[in-house]
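Enquirer: The primary structure of each chain is shown beneath.
Number of protein chains: 2
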Amino acid sequence: MPKAKSVRLSDVAAVAGVSLATASKALNGNPRISAATRERVRAAADRLDFRPNALARSFASGRSGTIGVLTHRAKNTFARPVAMGAILQLGAQNQAALVYDGDVQETRAMADSIRELQARRIDGLLVIGDGHEHASPSLTHNFDVPVTYIFTASSDPGDVMYLPDNREAGRMATQHLIDTGNTRIAHLGGPETSIAAQRRRAGMRDALAGAGLQPAGPVVNSDWTRVRGAVAMAELLASGAEFDAVFCANDHIALGALETCAAAGLRIPDDIALIGVDNWEGTVVDQDGSRQLTSVDLELMELGRLGAASLTTGEHTAGEHFSTPTLAVGPSSRS
Amino acid sequence: MPKAKSVRLSDVAAVAGVSLATASKALNGNPRISAATRERVRAAADRLDFRPNALARSFASGRSGTIGVLTHRAKNTFARPVAMGAILQLGAQNQAALVYDGDVQETRAMADSIRELQARRIDGLLVIGDGHEHASPSLTHNFDVPVTYIFTASSDPGDVMYLPDNREAGRMATQHLIDTGNTRIAHLGGPETSIAAQRRRAGMRDALAGAGLQPAGPVVNSDWTRVRGAVAMAELLASGAEFDAVFCANDHIALGALETCAAAGLRIPDDIALIGVDNWEGTVVDQDGSRQLTSVDLELMELGRLGAASLTTGEHTAGEHFSTPTLAVGPSSRS
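Heads up: the protein sequence lines correspond to chains A and B, in order.
To convert, take the position in the first sequence, counting from 1, and add 4; that gives the numbering used here.
To convert, take the position in the second sequence, counting from 1, and add 4; that gives the numbering used here.
Calculated from the structure, these hints are not laboratory results.
Any given hint could be a false lead.
Note that identical chains are pooled: a pair holds if it fits in a single copy or bridges any two copies.
Stated by the list, open to error - Pairs of lysine to any residue residues, derived as SDA-like cross-links and limited to a Cα-Cα distance of at most 25 Å, are as follows:
1) Lys79 x Gly106
2) Lys29 x Ala39
3) Lys29 x Val19
4) Lys79 x His136
5) Lys29 x His136
6) Lys29 x Asp292
Note that this is a predicted model, so its numbers are computed, not measured.
Model the full structure from these sequences, guided by the hints.
Expert: So, in structure tokens, the structure goes:
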């Protein structure tokens, strides 16, 4: 493949006998330039084999081909696939991503980034959080280009937000347990103050209500860890409640529950079926793709993709939009 | 914060009484423009509170402020942190990332991406692979800007490459076992044909030789999975070899080994110390940061960061450069 020719727009302008600005406008089809001049410039460009220079194109069109991306702790395990999904989607649309990582909760610390993004004449902005436990301060008023919030709520309900569907994840997990023959379903919940945990639990109630079932046993809340999940499962067993399945609020809790059940001589899924949320690769999936646990995937890369697409080809309307979770069936639930 | 003013370069040019091109060159300090004109344009820009427009700046300077990034299967678990580290570093240097994901082994499939990157007048290119099992075809000759290969070797040894240091990871893991009092160290290796596995094993030999030790027992090769790791550990135990520690080629093998040891009633780390490689978050680290396993971290985000920095502020010299692994001490090795 040959190198990009080094023919410049100024060469084309000289050959066509017009100014640089006129040549630029002509090649961009600016209607203020006469058809004859546009034709003359186009012919000169063809003769010189001038490759449309993206810089000149940007300059003339006022569009930078660049989307600003403000990430909140992008190194975070959950934020990373979201940001990656967004950036790959931007690339698929020939948009570059100018990514500033910082604390999007700190409006003051964001000021420099905002100024720089304004100066770069970005065509749109993505604000990417690390979950929706905290809403991000709305930055939309700083920009006259579309802004989308991904994996975080905005403080302004009129903003465009893309969020994981935790309620649907809870419903889907519980429905899978119902569909595979379980009728007495208990819950090991996440932290009581967590919005994600609350929504997953609400989804569980939706599914149970739809099937005319009641939750089995007390809800035992845990933090999100394996160690505490194991303890929570022991408490649930000690409660004397009768249950044939447990919806665990995340995979780590489910893996802890699995250990407690194994230690108690309970067979999974025959005695107790288990399901988690996150479908955390490497944890519930071995390196060859085989899996330990049934789980619900929140589709975080897809969430990033949808949010990025909203700026150009997708839906950019006010309020909350969701990515659709998917079920990943493993050996911890009945088939 | 106010919106970016809509004052345009053409306004500045009109006020200063110069052409658009002259105004652009003057603001960019082009020495072909007289000092007096530069001063006049600068004064007009100040009076109008003209924000330096990145598009005009790019156009005048011929620099796009954009780095091309060709990723090979960026969704891959290992490639993702590398790409993320690179993109965050680019952002920290005010460089946008135009990311095209595809198969970098397929030169033909890359042709469109290469042409688009040339047209965008990128200031540099990163080619990001998914490990160094296969070298990527060199694309350097297609570009007249610096090109760096990250997480993949290039077919041209004269290219600039940034790779994880698998040999150092093997040495570091083994040295840790030696430093914590183990003298009879066995190895559960990865696939024999894997370059990463070979280098990790070579690093183990380095550390043993440095301490005047021999490997304990046969090397049992495995694939990279937990299930096969458990079987390999059983084979090692059945071999009758005497050992007090095992360097496992990755975390999944180590976790499988852990299960086999637990089932055999062996105490970890008192009877057998175990160490893995990857420090796979979520797998060896619980969600609250507590850990199951001692491991060596290949520092993949740092690898991406170093590779991206090589285009601008870092070292851009031919050959292989490495990120430095770090030791993550957990409960599976002695203290």
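Enquirer: Indicate, hint by hint, whether the structure satisfies it.
Expert: Now for the hints, and whether the structure bears them out:
Taking CA atoms no more than 25 Å apart as the test, lysine 79 paired with glycine 106 passes in both settings, with 10 Å inside one copy and 23 Å between copies. Proximity of lysine 29 to alanine 39 under the C-alpha cut-off of 25 Å is restricted to the intra-copy arrangement: shortest distance 12 Å within a copy versus 29 Å between copies. Proximity of lysine 29 and valine 19 under a CA criterion of 25 Å is satisfied in both settings, with 16 Å inside one chain copy and 21 Å between copies. For a Cα distance limit of 25 Å, the shortest separation of lysine 79 from histidine 136 qualifies both inside one copy, at 16 Å, and across copies, at 23 Å.
When the C-alpha separation of lysine 29 and histidine 136 is checked against a cutoff of 25 Å, the pair qualifies neither within a copy, at 45 Å, nor between copies, at 47 Å. Taking the shortest alpha-carbon separations for lysine 29 and aspartate 292, neither the intra-copy value of 55 Å nor the inter-copy value of 57 Å comes in at or below 25 Å.
Hint compliance for this structure: hints 5, 6 are broken, all remaining hints hold.
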